[in-house]
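Engineer: Chain by chain, the residues:
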Amino acid sequence: MSRQTDSQSTTKTRPVPPTLSVITEGSPLSFVNPDGTLTADGEAHGIDIELTRGLYREMLLARTLDREALSLQRQGELNLWLMCLGQEAAQIGSVAALLPSDMIFPSYREHAVALYRGVTPAELLVQWRGLAHSGWDPRKYNLQMAALVLGTHTLHATGYAVGARMEQTDEVVAAYFGDGATSQGDVNEAFNWASAGSLPVLFICQNNQWAISTPTSVQSGGQIFRRAAAFGMPTWFVDGNDVLAVHAATTAAAAHIRLNGGPALIEAETYRMAGHSSSDDPTRYRSDEELESWARRDPLTRIEKLLRLMETPESFFAELDESAERLGAEVRDACRNLEPTELADLFGNVYAEPHDSLEAERRSYQESARALAGVNR
Amino acid sequence: MSTMSLVGALNAGLRKSMADDDRVILMGEDIGTLGGVFRVTAGLREEFGADRVVDTPLAESGIVGTAIGLALRGYRPVCEIQFDGFVYPAFDQIVSQLAKFRARSGGRVSLPIVIRIPVGGGIGAVEHHSESNESYFAHTAGLRVVSCATPDDAFHMIQQAIQSDDPVIFYEPKRRYWDKGEVLDQSDRNLHEARVLREGSDCTLVAHGPTVATALAAALAAAEDGFSVGVVDLRTISPLDLSTLEEQTMTSGRVVVVHEASTFLGIGAEIAAAISESCFYSLRSPVLRVGAFNMPYPPAKVEDAFLPSVDRVLAAVDHAMNY
Ligand SMILES: Cc1ncc(C[n+]2csc(CCOP(=O)(O)OP(=O)(O)O)c2C)c(N)n1
Ligand SMILES: [Mg+2]
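Going down the list, the sequences are from chains A and B.
Under the numbering used here, the residues of the first sequence are numbered 1 to 377, in order.
Under the numbering used here, the residues of the second sequence are numbered 1 to 323, in order.
It cannot be assumed that every hint is accurate.
Said to hold, decoys possible - Label pairs and their in silico Cβ distance ranges:
1) 179(B) - 37(A): 52 to 60 Å
2) 138(A) - 124(B): 19 to 27 Å
3) 91(B) - 196(A): 53 to 61 Å
4) 44(A) - 23(B): 56 to 64 Å
5) 22(B) - 37(A): 50 to 58 Å
6) 353(A) - 182(B): 27 to 35 Å
To be verified - With the C-beta cut set under 8 Å, the calculated list includes, among others, these residues of chain A facing chain B:
7) 133
8) 150
9) 354
10) 357
Stated by the list, open to error - Interface residues of chain B toward chain A, partial, derived using beta-carbon atoms under 8 Å:
11) 30
12) 33
13) 66
14) 69
15) 86
16) 105
17) 106
18) 128
19) 152
20) 298
21) 315
If you are wondering where the hints come from, they were derived from the structure by calculation, not from laboratory data.
Glycine included, each C-beta is placed from N, C-alpha and C at the ideal position.
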């Protein structure tokens, strides 16, 4: 099944990228083999060397952030961290194919997406240090707060897209979620709603094979991307560890949405290389062999190999290492320098308009805090 | 008799219920292979098999909805909700379905389902993992709501909840999960009885779940200052054991209710109203409440200021004494 995306509507002016047929059968779309050589699809599509370098750079920075944050958690500087190790290609390849004006609704593991959008390390870590529920202004980066109640944000993305549709913009609204979240009613409502309303939502499912200890085989009876057909939307099933394939699929899906209006689903097949979070012990439920087999498909290694095959100068890698080191230092400093939070300041965040009983509670809290401080002095 | 953590006691209680009655089925996210994120169900899948300790899809509405279907065939499902803040996707199934089946069926259909919820804050968690939502369910006719505070109660109450022919919302105080205590082989206490932990002639503290230990610590501190402060562990929220509360009120004349949920329309508000209705002339001060402010649970770094502390309880006792 393939849909024509290049012969339709002339009202939109954005250039159409190379057409990529809608993939609903067989193995995921892949351009780069784990050894850095190109697949037949990769050869046919062609490789943009500058793009490849840029994506590699972003993935490496994301991995640096992730590693530093985990080590900060181990040192007791962060309360919790949800690692994105292994998912850099799925995140960077997709976010890089969107426009900065496209609104994104992330889950809690999309640190690479956030970093790519310009969120600072301090803004990223403040939540995980236990100082705030979210760190950045969603409007500044066109990146919403991370959804922690699984799948809820897919409906928010859908509603946001209703507005885009009414205003006749050519925005794409992207929602990131995991394989586990696809079991929630909200996600399936969003699929249906977006399709019924022909809304410009790009659903990006990172299937990292696990939802905490629950494997995809227990989670769902069929493959996730196959649901798209029944909901009446096109889908791209892509090797989520192949940043170029993810980028091409997202480019095609976004172009489809901008031209035709309706939603699309991307399933990026990837792997959660670390535990679910810094509190999880994955050895309780998965095998070393499985981990090793995915380690051989690492998203960064294959692109590094490709870049070397394409005779990228050593200076590129050396400069990148320096950038990564700088980022690492920035992450550590940012974390330790985060300002403390005062409970008294949080009362004002609850309502937009004055609320008398909460205001009374705030006063009584401040009085009692003063009184207690007096007692303990 | 043996010494167990609260998690261990729940695990032992579940094991006993499953061994005694093969209609008991556990279901929830990550409860099988992993044994639950708090390990409450650790080892039970190995013992009873994957049909009776079910790793469900990630869908709370589904967990409760399918539990209802199983109960309609005579099973006795025990659902685990991974964290308090994730019960809301199941709200319709609990409030409109589970709670009402019996009344809707004219008393013909009962649903013996237990919904276990790790509850409350104090563990440094990220948002949605520290909530106290007992009022929503206690406000719903058709549900029984209980809250355990000690390993001994955890062990016995979970078994009694499973034996109940009504739906039971079963709260587990997650910040007390690792506290150890003695567990007796038998209990003569009914599921819906409060327990007087300490008699007091000056003031009575009423708490449940995670705040019971806070109330006890406050009572000890008050004793050092020469006040006789009693503590009642509520244990049951719906139904409330009003007669125990009334007895204590008659002796002390002052009542302070301590819970983690916000005081606004919280269980403390119901207790205050009920006691002033029945014990008005025994009261020497208004019933006071110590609980959360009416705001979403705050970020972890300020939760100590947010949670009812010994100091805040003592301040309320002071207030009652000086009324
Ligand atoms: C409604 C809801 N239920 C349960 C949880 C607890 N929980 C947090 S993450 C998670 C697994 C999510 O798996 P998946 O959607 O595949 O995303 P991944 O963590 O793999 O990125 C669970 C069960 C939650 N956050 N929200
Ligand atoms: Mg997953």
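Engineer: A range of 27 to 35 Å was offered for this pair. Does it hold for the Cβ distance of residue 353(A) and residue 182(B)?
Structural biologist: 52 Å, violated
Engineer: Lying within 56 to 64 Å: is that true of the beta-carbon distance residue 44(A) to residue 23(B)?
Structural biologist: 59 Å, holds
Engineer: Under the criterion of a CB-CB separation shorter than 8 Å, is residue 30(B) in contact with chain A as hinted?
Structural biologist: 5 Å, holds
Engineer: In this structure, is the beta-carbon distance linking residue 22(B) and residue 37(A) contained in 50 to 58 Å?
Structural biologist: The hint (50 to 58 Å, Cβ to Cβ) holds, given that residue 22(B) and residue 37(A) are roughly 57 Å apart.
Engineer: How about residue 298(B): closest beta carbon in chain A under 8 Å, or not?
Structural biologist: 5 Å, holds
Engineer: Range first: 53 to 61 Å. Now tell me if the beta carbons of residue 91(B) and residue 196(A) are that far apart.
Structural biologist: The hinted range 53 to 61 Å is violated for residue 91(B) and residue 196(A), with Cβ atoms some 25 Å apart.
Engineer: Please check whether residue 152(B) passes as an interface residue: C-beta within 8 Å of a C-beta belonging to chain A.
Structural biologist: The hint is violated - residue 152(B) has no Cβ within 8 Å of chain A, the shortest such distance being about 28 Å.
Engineer: Does residue 86(B) pass the interface check with chain A, least Cβ-Cβ distance below 8 Å?
Structural biologist: With a minimum Cβ separation of about 7 Å from chain A (threshold 8 Å), the hint on residue 86(B) holds.
Engineer: Confirm or reject the claim that residue 179(B) and residue 37(A) have a C-beta distance inside 52 to 60 Å.
Structural biologist: 58 Å, holds
Engineer: The hint names residue 69(B) as touching chain A; please verify it with the least Cβ-Cβ distance against 8 Å.
Structural biologist: 16 Å, violated
Engineer: Given residue 357(A) as an interface hint, is the shortest Cβ-Cβ distance to chain B below 8 Å?
Structural biologist: 7 Å, holds
Engineer: If you take the shortest Cβ to Cβ gap from residue 105(B) to chain A, is it below 8 Å?
Structural biologist: 25 Å, violated
In terms of the numbered hints stated before, the structure departs from hints 3, 6, 9, 13, 14, 16, 17, 19, listed from lowest to highest.
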